[in-house]
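One letter stands for each residue in the lines below.
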Amino acid sequence: MKTIDLSSASVRDFNQALHDQARQLDEREWLVSNSGGKHNLAVGVNQALDIVIQGHAGYYCAGMNQQANITVHGNVGVGVAENMMSGSVRIKGSASQAAGATAHGGLLVIEGDAGARCGISMKGVDIVVGGSIGHMSCFMGQAGRLVVCGDAGDALGDSLYETRIYVKGTVKSLGSDCIEKEMRAEHLEELAELLDQAGFAADPASFKRYGSARQLYNFKVDNASAY
Amino acid sequence: MCGIVGLYLKNPALESQLGKLFEPMLLAMTDRGPDSAGFAIYGDEVRAGWIKLTLQSASSDYDWKALMGELEGCLGCSLDWLQNASAAVLKTNAGEAAVRAALLELAPGVRVMSVGQSIEILKGMGLPQDIAQRFSLAKMQGSHIIGHTRMATESAVTMEGSHPFSTGMDLCLVHNGSLSNHFRLRQELRRHGIEFETDNDTEVAAGYLTWRLRQGDSLKAALDHALEDLDGFFTFAIGTRDGFAVIRDPIACKPAILAETDDYVAMASEYQALASLPGIDNARVWEPEPATMYIWERQSA
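Line by line, the protein sequences are chains S and A.
Here the working numbering is used: the first residue of the first sequence is 2, the next is one more, and so on.
Here the working numbering is used: the first residue of the second sequence is 109, the next is one more, and so on.
To be clear, the hints were calculated from the coordinates, so they are not data collected in a lab.
Treat the hints with caution; some may be incorrect.
Below, simulated DSS-like cross-link-like pairs (lysine-lysine); rule was C-alpha separation at most 30 Å, straight line [claimed, not checked]: (1) A:Lys173 - A:Lys362; (2) A:Lys362 - S:Lys169; (3) A:Lys328 - S:Lys173; (4) S:Lys209 - S:Lys173; (5) S:Lys93 - S:Lys3; (6) A:Lys173 - A:Lys328; (7) A:Lys199 - A:Lys173; (8) S:Lys173 - A:Lys247; (9) A:Lys362 - A:Lys199; (10) S:Lys173 - S:Lys221; (11) S:Lys93 - A:Lys199; (12) A:Lys128 - A:Lys118; (13) S:Lys182 - S:Lys209; (14) A:Lys173 - A:Lys118; (15) A:Lys118 - S:Lys93.
What the simulated footprint calls covered on chain A by chain S, stretch by stretch (three residues with Cβ under 8 Å from a Cβ of chain S suffice, anywhere in the stretch; the number is not a length) [unchecked claim]: (16) 343 to 353; (17) 392 to 403.
As the structure is a prediction and not an experimental result, all values here were calculated from the model.
Heads up, the beta-carbon is just placed ideally off N, CA and C, and yes, glycines get one too.
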């Protein structure tokens, strides 16, 4: 295992060392200490590495991740795992806004709460949140699944495409074109699988499912006067 | 962009270290605001019937001693003063209006940064490091402090355009964000008798709060009205004589993070600015909700 102390090493050198592993893999396990809320930690990794960050991280932690398993023992700032393609990211604390934004694949687990705009424009990632999420979450979500064991804030799933949303607690309000949908056997099954992957013990039957009413897919000529 | 930091001490034993604890917080926000910086520190309270003014001159070799002599003669009252780089702190038992009128006549180039019993506002152009050094921030004592690092977007980089802005006796405002209706609002506030020195959007927010408080609003009511009337993005930190308040606009684009221990409450734009505080690893750390006011105040004496 290679240990990086960010009180002396630079973030740029640390990320470069991770990127070098994509060309030639010579160290699979990485431990980061004294992260101190620094931005852009473990961004752009493209190798099946195990990266553990001991402490809080700042903005865009684990952004664009491919293949790596990244764990943060602390909180993260804006845009954790934004545009992740594959691999997994686990946050032991809470995340700020825009967690998992535009991410195409992989699994993002947030054990605490996530702030506003969690999963905004998500394109295939699975996001499982142990706590609650903030307002405007899953705005324009296109694909993937968002699971929330706590509550959701205002305007959940506004202008949603095809992301499936599961919420155990209360939803403060649904966004435009987002509706509650029937929980069928296949949904209980996929939810159980996601909760299992995330390591949360919640009962799938206690969740509700939300999705797109698909009324905003096409322009309606009756609305022309509104423009 | 801009950075905001605030530190409120719950444990009075730490008051002698306020500046030392706060300086690294301000410097950590240099990346968010490298063009000017400032802070409002609360402490060294004057006795009842007295007020304290922070004055600032454009030149660092301004003859404060001469001005204070003239002021004393003109006002016919007791005063006490000390110089801190380009600023001076004036304590007097004269009334605020009389002091302002005398200053306008004797030294029209000297600007009043703050008035109150406890507040001192010190700010200027340059890197946060330069401002902290200029005013010997690390040696300062007090009960609480809020600061700002500015990356200008809406108006010129000047001393007057840097934060904090005074909003009345012992009150001040720092702002991360931008207001889109400040031009119109400035015109309306001028009609209510609020004066402005700059084209700065935050000065309008400060003037707005001054006006609401003059109308008899509580701080909470004034901020509730601000949520209605200010159009734009903001995280505000408001310093009061007894503490500070934090509020974000309903969209909450601009960041804020809070931390609390038995010893202090701290706020910052980014966690990085809190990382140097003692006991931060075991602090309760959370992100404030949009359109929600958070306030910490000690009991007034």
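Tested hints:
{"no.": "1", "hint": "A:Lys173 - A:Lys362", "result": "violated, 43 Å"}
{"no.": "2", "hint": "A:Lys362 - S:Lys169", "result": "holds, 29 Å"}
{"no.": "3", "hint": "A:Lys328 - S:Lys173", "result": "holds, 24 Å"}
{"no.": "4", "hint": "S:Lys209 - S:Lys173", "result": "holds, 14 Å"}
{"no.": "5", "hint": "S:Lys93 - S:Lys3", "result": "holds, 21 Å"}
{"no.": "6", "hint": "A:Lys173 - A:Lys328", "result": "violated, 41 Å"}
{"no.": "7", "hint": "A:Lys199 - A:Lys173", "result": "holds, 14 Å"}
{"no.": "8", "hint": "S:Lys173 - A:Lys247", "result": "violated, 48 Å"}
{"no.": "9", "hint": "A:Lys362 - A:Lys199", "result": "violated, 37 Å"}
{"no.": "10", "hint": "S:Lys173 - S:Lys221", "result": "holds, 28 Å"}
{"no.": "11", "hint": "S:Lys93 - A:Lys199", "result": "violated, 51 Å"}
{"no.": "12", "hint": "A:Lys128 - A:Lys118", "result": "holds, 16 Å"}
{"no.": "13", "hint": "S:Lys182 - S:Lys209", "result": "holds, 8 Å"}
{"no.": "14", "hint": "A:Lys173 - A:Lys118", "result": "violated, 37 Å"}
{"no.": "15", "hint": "A:Lys118 - S:Lys93", "result": "holds, 29 Å"}
{"no.": "16", "hint": "343 to 353", "result": "violated (count 0)"}
{"no.": "17", "hint": "392 to 403", "result": "holds (count 5)"}
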